[in-house]
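Which chain is which? The protein sequence lines are A and B, in order. Here our numbering is used: position 10 in the first sequence is 10, and no number is missing along the way. Here our numbering is used: position 103 in the second sequence is 103, and no number is missing along the way.
A few of these clues could be false.
[To be verified] Result set (DSS-like, lysine-lysine): computed pairs, CA atoms no more than 27 Å apart in a straight line:
1. A:Lys-58 x B:Lys-143
2. B:Lys-184 x A:Lys-21
3. A:Lys-160 x A:Lys-304
4. B:Lys-73 x B:Lys-233
5. B:Lys-184 x B:Lys-119
6. B:Lys-290 x A:Lys-119
7. A:Lys-21 x B:Lys-118
8. B:Lys-233 x B:Lys-77
9. B:Lys-232 x B:Lys-77
10. B:Lys-73 x B:Lys-232
11. B:Lys-73 x B:Lys-118
12. B:Lys-118 x A:Lys-304
13. B:Lys-143 x B:Lys-77
14. A:Lys-58 x A:Lys-169
15. A:Lys-304 x A:Lys-82
16. A:Lys-82 x A:Lys-160
17. B:Lys-290 x A:Lys-304
18. B:Lys-143 x B:Lys-233
19. B:Lys-119 x A:Lys-21
[Stated by the list, open to error] If you only want the chain A side, here are some residues facing chain B, beta carbon under 8 Å, derived:
20. Glu-111
21. Leu-143
22. Ala-294
If you are wondering where the hints come from, they were derived from the structure by calculation, not from laboratory data. Yeah, the Cβ is synthetic: ideal placement off N, Cα and C, and Gly gets one too.
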Amino acid sequence: MTGSRRSPRGGLARLSRDIWKSRVIYMLVLPGLLWYALFVYAPMGGLTLAFKAYRANKGIMGSPWVGLANFQNVFRDPTFPKVIARTLWINLGRLCFEFPMPVLLALMLNEIRMPRCKKVMQTVMTFPNFLSWVVVSSVLTALLSMQGPLNSVIERLGGKAVPFLGNAKIFLPMLYVSSNWKSMGWSSIIYLAAIAGVDQEQYEAAEIDGASRMQRITRITLPNILPTVSVMLILAMGGIMSGGFDQIFNLSNAATKDVSEVLDIYIYRITFQSPPDFGFSMAISLFRSAVNLALLLIADRGAKMMGGSGLIG
Amino acid sequence: MAAASKPSRLSYRLSRARVSYVDVIAVAFAALLTLAILVPFINVIAVSFASQTAYYNNRFMLFPPEFTLSNYKELFKDNRILTGYRTSGTLALLGVPLNMFLTVSLAYGTSRPAYPGKKLIMFIVLFTMFFSGGIIPLYLLIKGMRLTDTLASVILCTGLGTFNMILVRNYFYALPDSLMESAKLDGAGEWRILLRIALPLSLPILATVSLFYLVDRWNEWYLAMIFIRSTKKTTLQLVLRSIMLVNQMTNAIQSATAIDQLQRFDIGVRMGAIVVTILPVMCVFPFLQKHFAKGVMVGAIKT
């Protein structure tokens, strides 16, 4: 408070007094910070492997530096550009077919005027989000297999059985559908919370002015939740190079492996299934993380430039 | 979601009686999604209690025509499911207390008014949401600590969830300042404020987050797949995965060599495996759902 008259010495003394006063708080945050240091930041240090040739007997620190050799190998690898293209293509699809769905669902749920009924439906919708992709893919495989229940209905109606999960051509739509099936209900909660925060007077004024329900949705509700949508979109941009490992790992099979190998799956395969070259894998991982972070920051800037609310600051 | 239904009740107070096409579309959309989720689960449960003949008569059954436990008897013949239950149960039992300890202490510490280094601590925490070293260095770390093939590897690596920590932090942050200030004036230290004021007032979020963690530990498979080799320590999710995959293979072999399927109804056994895997989540879910307060999510997306 009396900062203007304080000498540098006094500042230091005050700082140490403040630190001493907060000693209990430091004790409280210490275990958590230690955990971050050991299990998140120490592995981040392992990213240096991207510039090293890993020798198991020497460990991460002792392995020799090789400069950009790993990256040269990555960019020379014929599979790499294909995997990148596939990842971007799948995630572009996710932005188009997965991202808007919870927004749409939230808008719809907000229009339902039967609270009991709505509550039951919401309970059901949020449930699959709490299951692992192992379980979800098991349920969906059972439902969608060639001799499965859904195909039995299709056949009874005179149609031909569809290999829903065994056809490379429809694998991507199946990814989007199954993702929405699992998490659309849960993701809509964020938007519902945003809708709940909309100022009610706006609706009342619109009602008096004779706005139709559709107009109220598009002119009041939607613009009011746009900041939330923008934040979620920025976050989604930060995952453009990754995402969907659990889903694709569990849903793909021999028939669809040519269209389903995204970057994360590729990293897993070259690391844990073939004789591993950790330097090579790490170079790809670092590339992925860097692109994700860069896109997140760009999207954040972009959102702010367009007058929207950003994520950071 | 009582909170979310309030505005609609208010805003349509005037036009309550009229039913417009908006109502029809909204209800139809929501009902369709609900059925698309509900029906497959009901089918899975029904088939797990049905016989093979019943299944081939009506594969889309929502109720078994005659009730049989033979699939479950077959499923529990080997010890795999029990092993899975033991492993995943241990992960939850040891993991969730660790999760809650690390989460609550860090959340409280970062929710307090400004102190030297607070901004740095928040940066350290939030940065991990956007950047990570990936699985390989983590694997090498676990190997270096000689923790491969132990449950400790998974428990330690999943010690804290940044998102959950922020949920708790925001809740602490939103508690009325006056309470803490007056406690401070009465001479209460941080420990007292945490234990006597913050924690008792935060029971809903603490319940929600511990259930989030519980479900996460129960659903663990990826790290366990990479760190743990011995079949005695397989998590339930991986047991289910192997049952689904192995039975698919035996099905292929059986149909290829035209061996009749003996007494065993493979699909029924698999559906039974799904049911026993999701059963605990189904039991916990109603409590979890009860606590979705509107504030729980909204504060989380912007920190």
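Within a Cα-Cα threshold of 27 Å, do Lys-184 of chain B and Lys-21 of chain A meet the stated pairing? Status holds; Cα separation ~13 Å.
With the threshold set at 27 Å, check whether the alpha-carbon distance from Lys-233 of chain B to Lys-77 of chain B stays at or below it. Holds, because 18 Å separates the two Cα atoms, which is no more than 27 Å.
Between Lys-82 of chain A and Lys-160 of chain A, is the straight-line Cα distance small enough, at 27 Å or below? Not OK: Lys-82 of chain A and Lys-160 of chain A at ~33 Å, beyond 27 Å, violated.
Assess, step by step, whether the Cα of Lys-119 of chain B is no farther than 27 Å from the Cα of Lys-21 of chain A, and give holds or violated. Holds - the C-alpha atoms of Lys-21 of chain A and Lys-119 of chain B are around 17 Å apart, at most 27 Å.
Pair hint Lys-21 of chain A and Lys-118 of chain B, alpha-carbon separation not exceeding 27 Å: holds, 14 Å
Checking hints one by one. Is Leu-143 of chain A an interface residue toward chain B, by the C-beta closer than 8 Å rule? holds, 5 Å
For a C-alpha distance cap of 27 Å, please report whether Lys-290 of chain B and Lys-119 of chain A respect it. Status holds; Cα separation ~11 Å.
Are the Cα positions of Lys-58 of chain A and Lys-169 of chain A separated by 27 Å at most? violated, 46 Å
Verify the proposed pairing of Lys-58 of chain A with Lys-143 of chain B, using a straight-line Cα cut of 27 Å. OK: Lys-58 of chain A and Lys-143 of chain B at ~13 Å, within 27 Å.
Taking 27 Å as the top limit, are the C-alpha atoms of Lys-143 of chain B and Lys-77 of chain B close enough? violated, 35 Å
Status of the Ala-294 of chain A interface restraint (C-beta, 8 Å, chain B): At 10 Å from the nearest chain B Cβ, Ala-294 of chain A fails the 8 Å test, so the hint is violated.
Are the Cα atoms of Lys-184 of chain B and Lys-119 of chain B separated by 27 Å or less? Distance ~23 Å between Lys-184 of chain B and Lys-119 of chain B Cα, so the pair holds.
In summary, the numbered hints that this structure violates are 3, 11, 13, 14, 15, 16, 17 and 22.
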